[in-house]
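Enquirer: Chains as they are written, first to last, in our numbering: chain A, 1 to 211; chain B, 212 to 475.
Derived by calculation from the structure, the hints in this document are not laboratory data.
Please note: incorrect hints may appear among the correct ones.
[As the list claims (entries may be wrong)] These stretches of chain A come out as covered by chain B in the derived footprint (C-beta under 8 Å, 3 or more residues):
1) 20 to 31
2) 168 to 180
[As the list claims (entries may be wrong)] Derived DSS-like pairs (lysine-lysine); straight-line CA-CA distance at most 30 Å:
3) B:K347 with B:K401
4) B:K422 with A:K100
5) B:K408 with B:K243
6) A:K6 with B:K254
7) B:K422 with B:K408
8) B:K401 with A:K6
9) B:K257 with B:K422
10) B:K243 with B:K254
11) B:K347 with A:K160
12) B:K243 with B:K422
13) A:K100 with B:K257
14) B:K324 with B:K243
15) B:K218 with A:K160
16) B:K254 with A:K160
17) B:K218 with B:K257
18) B:K218 with B:K254
19) B:K347 with B:K324
20) B:K218 with B:K324
21) B:K422 with B:K347
22) A:K100 with B:K254
23) B:K401 with B:K324
24) B:K422 with B:K218
25) B:K408 with B:K257
26) B:K254 with B:K324
27) B:K243 with B:K347
28) B:K347 with A:K100
29) B:K434 with B:K408
Just so you know, even glycine gets a beta-carbon here, dropped at the ideal spot from N, CA and C.
Each chain, written out:
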Amino acid sequence: MGLMSKENRGALIDPLFQNNPIMLQVLGICSALAVTTQLQPTIVMCVALTMVTGFANLAVSLIRNGIPPSVRIIVQMTIIASLVIVVDQVLKAFVYDISKQMSVYVGLIITNCIVMGRAEGYAMQNGPVSSFLDGIGNGAGYSLVLLITGTLREFFGSGKLYGQTILTTVNDGGWYVPNGMMVLAPSAFFIIGFMIWGLRTWKPAQVETEG
Amino acid sequence: MQLNNWKYIVGFAGVVCFVCSLFVAIAAVVLKDRQETNALLDKQKKVLALSGIVESPDSLTAEQVTAAFRDGIVTELIDLDTGEYVTDEFPNPGEFDQQDALNDSELSSEAPKNPAGIARIPNVATVYRVVNESGKTQRYVLPIEGKGLWSTLYGFIALNPDTNTVDGIIFYQHGETPGLGGEVDNPRWKDRWPGRKIYNDEWEPVIQVIKGAAPPPSEAPHKIDGLSGATITSNGVTHLVRFWLGEHGFGPYLARLRAEGSTA
């Protein structure tokens with residue numbers, strides 16, 4: 001099975017629009033709300049989650065035939081937790097200020113349903129390469145949603161992008177009155193809701209059927 | 212089936228735990244030095260933020276922080292009991308780690324029962340004097356710590372040379388709930404502190420984080436606005452500020468400064 005076989009390509013690309021973890025599977029919402037006030041921690045979170053999901057999937061897939069069923073979930077959790085701790089340590093070592101801004105939300109990647117969901121739902125049944133690509137793909141789907149949300153929230157909430165002022169706010173002597181709601185968590189709910197609406201208009205097959 | 216054999220299960224789990232622990236431990240050890248450098252730099256930036264000599268300390272490089280410290284801040288060590296400077300045993304004040312001292316029974320002692328949850332007090336503490344070009348002290352930055360709801364809060368408080376008026380407060384480490392106790396980091400709350408006074412006429416620390424909004428400093432110098440939904444953290448801040456500016460903390464030091472009429 002080649003690296004970019006149809007199956008592997010599917011594993012990588014599907015989670016972007018066809019099977020997006022946030023917009024279709026509706027997983028991993030809480031971190032989407034919490035870190036997207038600014039683009040910088042958003043990007044860090046996206047990279048962190050993508051790495052964790054990819055490597056957790058890889059690790060679980062490598063040992064999938066040897067895991068005793070009775071401790072299956074705990075073993076997956078141990079692998080995921082170790083990866084998240086290491087990611088947290090790396091962040092504290094290399095981007096300390098951003099890691100402080102993200103405070104508990106990096107640790108909460110352990111509880112992010114996307115990671116465990118893919119480990120249990122894909123990595124346990126598929127080979128290492130496909131699983132790794134599936135993990136990266138789901139991380140990419142998550143990142144797509146977060147980056148759009150983060151961009152909108154930082155731009156409209158403070159007139160900045162990645163810390164650079166684009167629209168000068170009235171507080172700084174400019175004209176732009178920042179949209180206060182964009183700074184609060186519920187705005188992410190609204191933005192993601194609109195995105196789901198847009199995506200399902202584009203791909204009606206994703207709309208759940210009644211009954 | 213082999214996978215349900217209990218010996219295999221225990222063995223498998225053991226191996227997974229061992230491998231994961233190894234992975235985490237290697238990462239932690241390899242990265243420790245960088246993290247400590249980062250944490251120290253962050254603490255120094257917080258001191259600079261309170262000192263008023265730098266506009267935006269967060270954007271400074273490590274070299275700029277070191278230069279700012281060299282030019283505008285004098286790090287001193289004081290004996291907490293007497294309030295006197297100690298220079299003999301500690302020729303390098305910048306390297307003294309107050310937190311490490313707390314773990315050493317020779318360098319610290321048990322704290323008296325106090326509402327701030329402080330267990331041990333160091334014998335020697337660090338104080339930062341912000342000085343202008345002619346060496347005159349503009350501000351004192353004192354380390355403070357105490358229990359909040361979920362964690363110990365570590366920070367600094369900046370005092371005017373009159374040793375009573377607050378110039379600022381900042382917490383560089385804590386684990387309080389984001390949005391509730393975590394609002395100690397909110398600049399709008401921190402801005403409520405400058406101009407308030409710690410002590411009453413008998414030099415007892417009476418400053419208090421109250422419930423609700425506090426009137427302006429001219430009317431209520433000893434009151435600070437509370438944090439909504441964060442009573443225990445707010446009370447924790449009150450207790451820790453009062454402790455460290457009281458008789459078991461920097462009280463004797465500040466009294467000595469007032470008695471000598473100096474700002475050195």
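Enquirer: Which hints, by number, does the structure contradict?
Expert: Result: hints 1, 2, 5, 6, 8, 11, 12, 14, 15, 17, 18, 19, 20, 21, 24, 27, 28 break, sorted rising.
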